[in-house]
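4 protein chains.
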Amino acid sequence: MSMKYSFFDDYSEGVHPELLRYISENNDDQQLGYGNDDYCKLGADRLRAAFNLPDADVQFLPNGTVANVIGLVTMLQSFEGVVSPNTGHINTHEAGALEATGHKIIWVEAADGKLSPDRIDEALSRYEDEHTVVPRVAYFTQATELGTTYSRSELAKAIEHAKSKGLYTFLDGARLAMAIADKSLGLTLENFGELGLDMFYVGGTKNGGLYGEAMVITNVALKTHFRNHMKQRGGLMAKGRFMGQQFARFFDTDNLWLQLAEHANDQATRLYVGLEEMGIEFDQPSGTNQIFPIFDNDMIDLLLTDYGFYKWDKISDKRTKVRLVCSWATKPENVDDFLWSVSRLVNGQ
Amino acid sequence: MSMKYSFFDDYSEGVHPELLRYISENNDDQQLGYGNDDYCKLGADRLRAAFNLPDADVQFLPNGTVANVIGLVTMLQSFEGVVSPNTGHINTHEAGALEATGHKIIWVEAADGKLSPDRIDEALSRYEDEHTVVPRVAYFTQATELGTTYSRSELAKAIEHAKSKGLYTFLDGARLAMAIADKSLGLTLENFGELGLDMFYVGGTKNGGLYGEAMVITNVALKTHFRNHMKQRGGLMAKGRFMGQQFARFFDTDNLWLQLAEHANDQATRLYVGLEEMGIEFDQPSGTNQIFPIFDNDMIDLLLTDYGFYKWDKISDKRTKVRLVCSWATKPENVDDFLWSVSRLVNGQ
Amino acid sequence: MSMKYSFFDDYSEGVHPELLRYISENNDDQQLGYGNDDYCKLGADRLRAAFNLPDADVQFLPNGTVANVIGLVTMLQSFEGVVSPNTGHINTHEAGALEATGHKIIWVEAADGKLSPDRIDEALSRYEDEHTVVPRVAYFTQATELGTTYSRSELAKAIEHAKSKGLYTFLDGARLAMAIADKSLGLTLENFGELGLDMFYVGGTKNGGLYGEAMVITNVALKTHFRNHMKQRGGLMAKGRFMGQQFARFFDTDNLWLQLAEHANDQATRLYVGLEEMGIEFDQPSGTNQIFPIFDNDMIDLLLTDYGFYKWDKISDKRTKVRLVCSWATKPENVDDFLWSVSRLVNGQ
Amino acid sequence: MSMKYSFFDDYSEGVHPELLRYISENNDDQQLGYGNDDYCKLGADRLRAAFNLPDADVQFLPNGTVANVIGLVTMLQSFEGVVSPNTGHINTHEAGALEATGHKIIWVEAADGKLSPDRIDEALSRYEDEHTVVPRVAYFTQATELGTTYSRSELAKAIEHAKSKGLYTFLDGARLAMAIADKSLGLTLENFGELGLDMFYVGGTKNGGLYGEAMVITNVALKTHFRNHMKQRGGLMAKGRFMGQQFARFFDTDNLWLQLAEHANDQATRLYVGLEEMGIEFDQPSGTNQIFPIFDNDMIDLLLTDYGFYKWDKISDKRTKVRLVCSWATKPENVDDFLWSVSRLVNGQ
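Chains as they are written, first to last, in this note's numbering: chain A, 4 to 352; chain B, 4 to 352; chain C, 4 to 352; chain D, 4 to 352.
Wrong hints could be hidden among the right ones.
No distinction is drawn between identical chains; accordingly, a pair holds when it is met within one copy or between any pair of copies.
To be verified - Quick list of in silico lysine-lysine cross-link-like pairs, BS3-like style, CA-CA up to 30 Å:
{"hint": "1", "residue 1": "K168", "residue 2": "K226"}
{"hint": "2", "residue 1": "K226", "residue 2": "K166"}
{"hint": "3", "residue 1": "K317", "residue 2": "K160"}
{"hint": "4", "residue 1": "K7", "residue 2": "K44"}
{"hint": "5", "residue 1": "K314", "residue 2": "K186"}
{"hint": "6", "residue 1": "K317", "residue 2": "K166"}
{"hint": "7", "residue 1": "K317", "residue 2": "K7"}
{"hint": "8", "residue 1": "K226", "residue 2": "K44"}
{"hint": "9", "residue 1": "K186", "residue 2": "K324"}
{"hint": "10", "residue 1": "K324", "residue 2": "K314"}
{"hint": "11", "residue 1": "K168", "residue 2": "K317"}
These are calculated hints, taken from the structure and not from any lab test. None of these values were measured; they are calculated from a predicted model.
Model the full structure from these sequences, guided by the hints.
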């Protein structure tokens, strides 16, 4: 890309060098295929330990769409559906992957991208009898597709409510690292497992990985045939070892996984604070690695000559909300440069 | 694995160091996501050049199951099916992945794993009218799941026949490199494209890659919505760059892709010749990187204490056909060791 | 049912005697199966003539769910979806039948149950690229599931808009007879075909039939494989003759089909006017064969001891909107009895 | 049809007059929709009594394809498949309806159209692990699509074997009446239930019905969500009453259902015996209502000017096996006429 810096997303970057080094240094042995290798075992053990879920099954999947589809399909009979916010990734940006497996998404409006007890109830209220799809799973994302987050108590309450209504609970954790790294939410690696989710996945791709998400399955009944679904839905990689290696390294004693997310969040916070000090408005607080400043359209056009970012929402004829994403690879000077560019425009230079 | 050497398969190994080096040296830039990056463009360009198919579309997919499913689905209306040998990977070892998209596999018995004009006709003869599935695609694998291969003229004839009957033609090339590297078949990178396949994929995983297969789409009508299908079926990787990089390196001027397959074939041939010289029987010639010697069961038990390989078919109560797979990473001494072990058993030591 | 009269729905009744008579008098001959019989030809001819669509294909299907599924599936590639009001039958009361074929319903809020150009645009605006489902069909219902109706110009405008955006247009006509019989709308049998729908179905079940809906296909491209889809989705009846006979009789010179709907509408109008004169409120005008009076909850409880009807919407803690459905079989005295019962309650007796 | 008589199939005829009379005489009351009416209850009660299965659930479905799909889908998780003879209706003549729900048919060669313990084992032997489809249901047809039949002990043995291997057992009874009416098989209405099938359906369409098959569900676990599947797969008829009425009449004290099949079988036997006496050859015995004489091709051409029947299999360049089907409506004189026509040809007139 010819621009100075891209804030488009957290998968614009390559892979964290530590992961490459680990792969490189453990490349000469032979291993069993399809995730039956020693590295997948090690990665799974370290995930179980990190999340304090000693009895969980862990399986590695190549990307988020496949992780969502496979995870949800294991929970559903053919006449059952998934409760999701309208903004859920499965509802908006997976090209109908879940419906392609035969299941309806029972979505509810959620301006903040979150499922609450009330919204769950709204979805459940649509159920009548055999003429309507049976709601069976509540789908959460943390951090959400909108950059918002659940606090620990908020998430615990929604999960508990879903379970009390007989729903399975599934969490899309493509950006879970950034939510755990946001200390204001009260979530830690240690206490996350206590939320009682039936299944969730731990994102690697958006947090410095080559590729790969780790599915953590705590519900015993969902473990039995998980690998059948994996194979059938294209999620079983012949050389699973590389995903095992990445997660073994992510969750080694230095906790690289959390470190990288903290860095991404910190740079986003620096951007937020810097822009706010210049008088740029926001309608949504900072927190994780995505921020959403509102710029004048003129300013956006000028900024786009040097920087990459997405226009998110039209605020008025003259102003637009944009999305800026930082990542493990965003350097402090990238943030400084952007702030300097904005400041020049704000000051009319 | 605790054994001396595994001949289980060609995905027991890590990744070829050159690929890792290339990824490592091109890791610091930012790129667009989802295969829209410069490396995917470069990899695609080099594939187009190598196969002499300047107008083909090239897309990178994470694994073979996903490549088969997505490729075939683009060719099928819901009432249409795929003609395949009974041994076709889609029919035997993908957990019903194609049927899970709603399509029937119209399989015919094929002891050698190949589709011939007669077998295609046999499948077509089952079609009657709207009560029967409409055959729409012929599915070829080269080299096949049984280690057999089509000669150039044999494959050309079968493809031509399928096309003359109004079928699309699709080739699963998970081990295409080994077939092109087998010079006795008459296939070259340059002439492969002349076969006129509508779509085929070029395997990376089994030939030293980290992961990834490259789909080559020559039929114009199938290009338009290929990426919609990719996304919907879980085949669109956010960081496509790594697959682009692997194939850019595979098809660089030194033609690493073909070199690695030649090495694998050579080691398999050495195994074959060595065993034959000791009087071990085969019911199938050598050729690519898989060989199928017939051993006494006693010998197998002893060999399995040191080596890994699969029992393939029972020949009699006392003898069994086994599969030995060599790869880019098989060292000549691995072959020598195995031959030495067999010779000791043959000689009753 | 032990009640005096049921206003639950228009399929509580048996079959109109004329249809039975016609079947009975044409029962002794042998016919080809699967809709290839003389009666299906006759029924189709009469439908083509009645709707002034001489080139249309006509196929008979056993019920509305199957008609919706098959009609829509013929229009969709796997990555495409259907634009529907949230209240669309396919979205609410078919147990996810369309999703079970792999397709997303892209629904928009529509308090009146109708698709307008604006609502179509709202659905289209969700489309971005290969990450989003491609909208491909606009799904209309006339009369709608809420008892509302499109005027001729309103429907024409919405259809035209959908077509201008590249969408196919499909109309669920389970209660089409009642809409055509409602003269205020400006629709006639003769001018309905001019709307240019790609496909619509003509309801039989809810208008006195035994079972069966007639699909009218005007789009040439959708005719070719319609019967393949019919068979695959369970819609091809071995003894299609009985559906052919029903529609042959419905569209005989006396136009029984329209007569029955007029009768149903007339009785509903009598109910509406009678209730209105007693001061019962409505928030939705009369028109076809469904009316929605708002009663006090006390009154509802008393009425339900003698009559059957569904509570539709809560208006306040004390008042509820209910649905009363009349049919071809509703006798004037059934209406009179109900009005008399209400009047006694209104007058406090 | 302009021919003298059609032996094409058992759905060329209209409906048995008794069924029409029963519908006609019970047409004036109002009933609940979707199979919740008094007639469905009565029909179900009589079926339970007739088959001596007091705890079975009974549901009515419009046709055989829908019955097969819905019955089988209730038994299957997405990675599971159905064991069937290659000739099974689901495998040959339902346009891929089962695959369209996502499931593989694991078919085995069966020249006589039947599943035996050995053939079940053959299918099971293809299963390996999560890479292969899990066999989950054994699909039987009685009488089979080839006109063959299982004796009681033969069927009992195959069902028992399937159950011992952990398979569900499902029987397609589109022509069950003819098999029970064939006294040589040892099956009676009373002892059929003792076979222990998890689910089977009782054909109406091919035995004089208007339309409709009755599903009998004995496995408790499969009852719970049967109606959800019915609705989702298009099998829930709004006016279920007419199917309930047909089966109530079929299984009234005169046992019309069995009578009609006996008549059909008797006429087929008369045809068989008559042809055999003239020296016409058969390679398959008589039994139910389908017979398969082998005629010279010249004779076939002449017979087809007056009669309808299907050519079934080529025996040699000069001779062809044809299928003649009798039904409840075949008159003795239809058989006599045909025999007379053949005799004239045999005698060279």
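Evaluation of the provided hints:
In the homo-oligomer, the alpha carbons of K168 and K226 lie at most 30 Å apart both inside one protomer (22 Å) and across protomers (22 Å), since each shortest distance falls under that limit. For the identical chains of this complex, K226 and K166 are neighbours both inside a copy (18 Å) and across copies (25 Å), given an alpha-carbon limit of 30 Å. Taking the closest pair of Cα atoms, K317 and K160 come within 30 Å of each other only across two copies (28 Å); inside a single copy the shortest separation is 33 Å, beyond that limit. For a Cα distance limit of 30 Å, the shortest separation of K7 from K44 across copies, 21 Å, qualifies, whereas the shortest one inside one copy, 41 Å, does not.
Within a single copy, K314 and K186 get their C-alpha atoms as close as 28 Å, which meets the 30 Å cut-off; across copies the closest is 49 Å, which misses it. In the homo-oligomer, the alpha carbons of K317 and K166 lie at most 30 Å apart only across protomers (28 Å), although the nearest pairing inside one protomer, at 37 Å, exceeds that limit. In this assembly of identical chains, the alpha carbons of K317 and K7 lie at most 30 Å apart only when taken from the same copy (25 Å versus 58 Å across copies). For the identical chains of this complex, K226 and K44 are intra-copy neighbours only, at 16 Å inside a copy versus 40 Å across copies, given an alpha-carbon limit of 30 Å.
When the C-alpha separation of K186 and K324 is checked against a cutoff of 30 Å, the pair qualifies only within one copy, where the shortest distance is 26 Å, while the shortest distance between copies is 50 Å. Taking identical chains as interchangeable, the C-alpha atoms of K324 and K314 lie at most 30 Å apart only when both belong to the same chain, with a minimum of 6 Å there against 44 Å between chains. For the identical chains of this complex, K168 and K317 are inter-copy neighbours only, at 23 Å across copies versus 37 Å inside a copy, given an alpha-carbon limit of 30 Å.
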